[in-house]
Structure formats: C-alpha cells, structure tokens
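Asks: What follows is each chain in one-letter form.
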Amino acid sequence: MRRLELERLREIHPQLPETTAAELVFRAALALQRRHLAGVNMGIRLVTMGLHTSLDWTFRAPAGDAMLDRHRVTEDGAEVLALLLVNVAFGWVARRRLQRGECADWLLRDADDRRIALEISGTDNSDVEVRLREKVAQVSKSKAAGTGGTKAACVVRFEEPLALLATA
Amino acid sequence: MSLDDLYQRVSAAILNADRLEDEGASRTKVRFAKLSVSFLEQEIAELLPASDPEGAIARRGAVRAALEAGVHARVRELVESYLDEADAELAAELNALVAQADDELPARDVRVVPAATYQIHAA
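Quick mapping for you: the protein sequence lines, in order, are chains A and B. Using the working numbering, you'd call the opening residue of the first sequence number 4 and step up by one each time. Using the working numbering, you'd call the opening residue of the second sequence number 41 and step up by one each time.
Pulled out of the complex, with its shape left as it was, chain B reads as follows (with noise of 0.2 Å):
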C-alpha cells in the first residue's frame, strides 16, 4: 500500500477513534478503534526512516495508539524494534510511553493465575 494509500486510511482511523472516545462508546470499541490506528500507523512507520519527521510520528503513533489500546505488550514490542534507529529524543518520548504502559499495567491487565486440579479416578 502506497504512502498515501495509508495516510487517507490513519487519517480516518483516527477521527474514528476521536469520535467514538466523544461519543462515549464502549471501551472495547475504542480499543479496537485505536488497535487499527496502532497498526496503521506501524505500517507507516516501515515506509519512513525514523530521522523523518512523518516517520516519527508513525513510530510515536503506533506506540501511542497501542498504549490506548491497552495492548501493554505491543507497546514493548513496539519501542524495541524502533529504538535502534531513533535520535535521542524519540527514543525518550518512546521510553515515556513504555513507562507509562508499565505503570497502567497492574491496573488494567488480567493477571491469569495457573492453577491445576486433580481427579482421582477408580482404577
């Protein structure tokens, strides 16, 4: 898909996002909503160097989206394979947002707890 191509399509991902926020839909929604904007803008972000200022916003939009999506893990993956290429200061605004996703962690993720149960069964 062509730069343009997904510059129209973030750029209605996004207002959709915006929109669905405002109009106080449900939370899964707008997580979905912003899961779309986070892979788009993770699609971009593979067109642009991340010296570009467009190819910095990708890499901070797809973390970002990511974050309020509430896909912890996917920001960490996410600011792991840009850290290598960003300056300095997209790589403190990446971290910002790893830490922030580490501080809503204990708040919103599900814990899963293993647990086994036993049956004796008559031989």
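Pulled out of the complex, with its shape left as it was, chain A reads as follows (with noise of 0.2 Å):
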C-alpha cells in the first residue's frame, strides 16, 4: 500500500474543519514521535488481509506536549491513521463526527455515496485484538449508517505502529 501522508488529512476528508485537521495531525505526529520518525513502517490488517505501508509527517516540536493529555492525544492520532487508512483502502471519507452515544466516531460516504459508520481507537502498547472486539462490539450497535450502511472498527497501535480494521 501506497505510503500515508498525514499531512493530507485535510485534502483527503475536506469536510474536517481545518483547525481540527491541523490539531488532529499535530497530536498524531506527537504520537508517534515519541518512538518513531517519519518514514516509519506500519503493519496493517484489513479484515483478513495483511499489508505495509509507510508513514510520513512534519516533525512537530513537542512544545507544549506536557499539558496534553496523553491518552487523549493518542487517540486522536488513531482517528488520523485511520482516517488516511480507510481512504486510501476503500475510498471512504470523512463526512461528520458522531456524539459518544452514537456508538461510533465518524459518518463517512464510500465513491457510491454509501453511509460507513467508523469506531476508531488507539493504543500505544496494548493488546490491539482484545481492544478491536471491544470495539467491532461497540460499534455494531450503531445506528448512524442506516440500513444497509456498513459498520466498521479501526484500532491503531503507536508502539510498533499497526492498524486493525474489521467490520461489524
């Protein structure tokens, strides 16, 4: 798989405010800048199907980086590994955030205007199958697709950076 630029988050999913782009991209690279650098390899497992990619940032200045709340920025640096994985795999995107009770994170659209609900979590060091159950749960549960729409899970991994996606 092509590499993931995360500095395209916001050309890729459009509808992201640009300020949270700009934010959700500064935490990731935060994210992984605390073991990696850019051009670090990604595992990567799409339901039943193994791949590699490369990953590739602006090495942000961790100015600041104390006052962030670090399983807050962890998660969000998930949402912006997962937002890049899911486009270029499946050519979804982003179309709005969900609220917590939805049961997913994201409302996203694939290239035949199909509705995608999106559970995204992240990790830095622990076991990513327990948490993508948890989270294939959780979002099956989710009624923000609509009949017919899909309903998927994303967990990412910072450690030795890895990414699971199933669908419900």
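Hints should not be assumed to be uniformly reliable.
Stretches of chain B that chain A covers, calculated by requiring three or more beta carbons in the stretch to come under 8 Å of a beta carbon on chain A [said to hold, decoys possible]:
no. : region
1   : 43-55
2   : 58-66
3   : 94-101
These are calculated hints, taken from the structure and not from any lab test. The C-beta atom is built at its ideal place from N, Cα and C for all residues, glycine as well.
Take the two lone chains and join them into the complex the hints point to.
Replies: Structure follows, in structure tokens:
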C-alpha cells in the first residue's frame, strides 16, 4: 500500500474543519514521535488482508506536549491514521463527527455514496486484538449508517505502528 | 448555512466537547460546549427529514447534547417537536432520552422556591 501522508488529512477529508485537521495531525505527530521518525513502517490488517505502509509527517516540536492529555493524544493520533487508511484502502471520506452515544466516531461515505459508521481507538502498547473485538461489538450497535450501511472499527497501536480494521 | 458548513462546525464542536470532558475541564465549560453541539445538531435537523439516517442522527444529537448540557427543558421541547415526524424506532430513542432527563432532574436542576418578604413602613 502506498504511504500514508499525515499532512494530507484535510485534502483527503475536506469535511474536516481546517483547525480540527491541523490539531489532529499535530497530535498524531506527537504520538508517533514518542518512538518513531517519519518513514516508519506500519503493519495493517484490513479484515483478513495483511499489508504494510510507511507513515510520513513533518516533525513537530513537542512544545507544550506535557500540557496535553497523553491518552487523548494517542486517541487523536489514531483517528488521523485510521481516516487516512480507510481512504487509501476503500475511498471512504469523512462526512461528520458523531457524538459518543452513536456508538461510532465518524460517519463516512464511499464512492457510491453509501454510509459507513467508523469507530476508532488508539493505544500506545495494549493488546489490539482484544480492543478490536470490543470496538466491533460497540459499532455493531450503531444506527448512524442506516439500514444497509457499513459498520467498521479500526484500532491503531503506536509502539510498533499497527492498524487493524474489521467490519461488524 | 449549508449542510456541509454545519457538518464542519458540528464536527469541530463535538471534538471540542469530548476533549474538554476528557481533559477534566470545568463542568460549566463542558456544558457550554455540549449546548453548542445541541444548537448545531438542531440546525442540521432542520435541513434533513427524520426519515434520512443523517436527519435521525441530528435529532438524537440535538437532544442528547442538550441532556448532557443539563438543559432539561430544552430536551423536552426538542423531543416534542421531533416526535410528530419520527418513526417508531426514533421516537423510542427520543423518549428514552426524555426519561433519562427526568431521572436526572432532582439531582441536577436548581429548585426555586418562591418566597415573599414584607416590610411594614411607618406611615
């Protein structure tokens, strides 16, 4: 799979507000820079298919890093990687953010205008398989995509970059 | 405002509210952030029918965010206005949110007890 360029998040998902996209990418860079440099490989498992890609971003000076909630930075970083991944893999484009009660984080559309409810979770070094099962169970309850829509969950780990995606 | 504009705004507002909540901001800040989400969801609901899944998301969202902002009167007003066009499933979800608001009412709302004081003036 071709590389994922974090700086292209807004270009790929134009429905993301500019400041939101910039903030998310900043946090993703901080989450990655805990251990990695640009160009690091990320393992991917899309449903049953295993792939690799490389991650590119512009280095961010971690000024003010200590003020940010570490868990939140990890979650925001996972959102960036997941949103880039689903676009490159499936052409999904973000439509809007969902509130927590919707059992998914984002509503997206595919090239045929079908809806996808996507739940995203990030972890620094926890077991992603367990987390993926939890998130698939969560998104399976979502009604955001409507009848016939797709429900998917993506879990990202930063220690050795890895992203797993499964559908409910 | 167009739907695309509203979607951008509501996405930013939801992320902001979630972040404030996660980072332990004051209850007042979180409530204001949730209320902003509720108003934006309400505007989206005005553009989309309840039968559209995205219209249903907006209606649930307007009510849920008002509930989380602690504005129970708004919860009831919104649900009343949405019930006419809601199908059975959406109506059940909206009514469940009203029930939740009613359950929370004694613990969170301020009760104003009317009181009068009298002062007798010398003629």
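Asks: Against this structure, judge whether each hint is valid.
Replies: These are the hints, each one checked on the structure:
{"no.": "1", "hint": "43-55", "in the structure": "holds (count 9)"}
{"no.": "2", "hint": "58-66", "in the structure": "holds (count 4)"}
{"no.": "3", "hint": "94-101", "in the structure": "holds (count 5)"}
Comparing the model with each numbered hint stated earlier shows that all of them hold.
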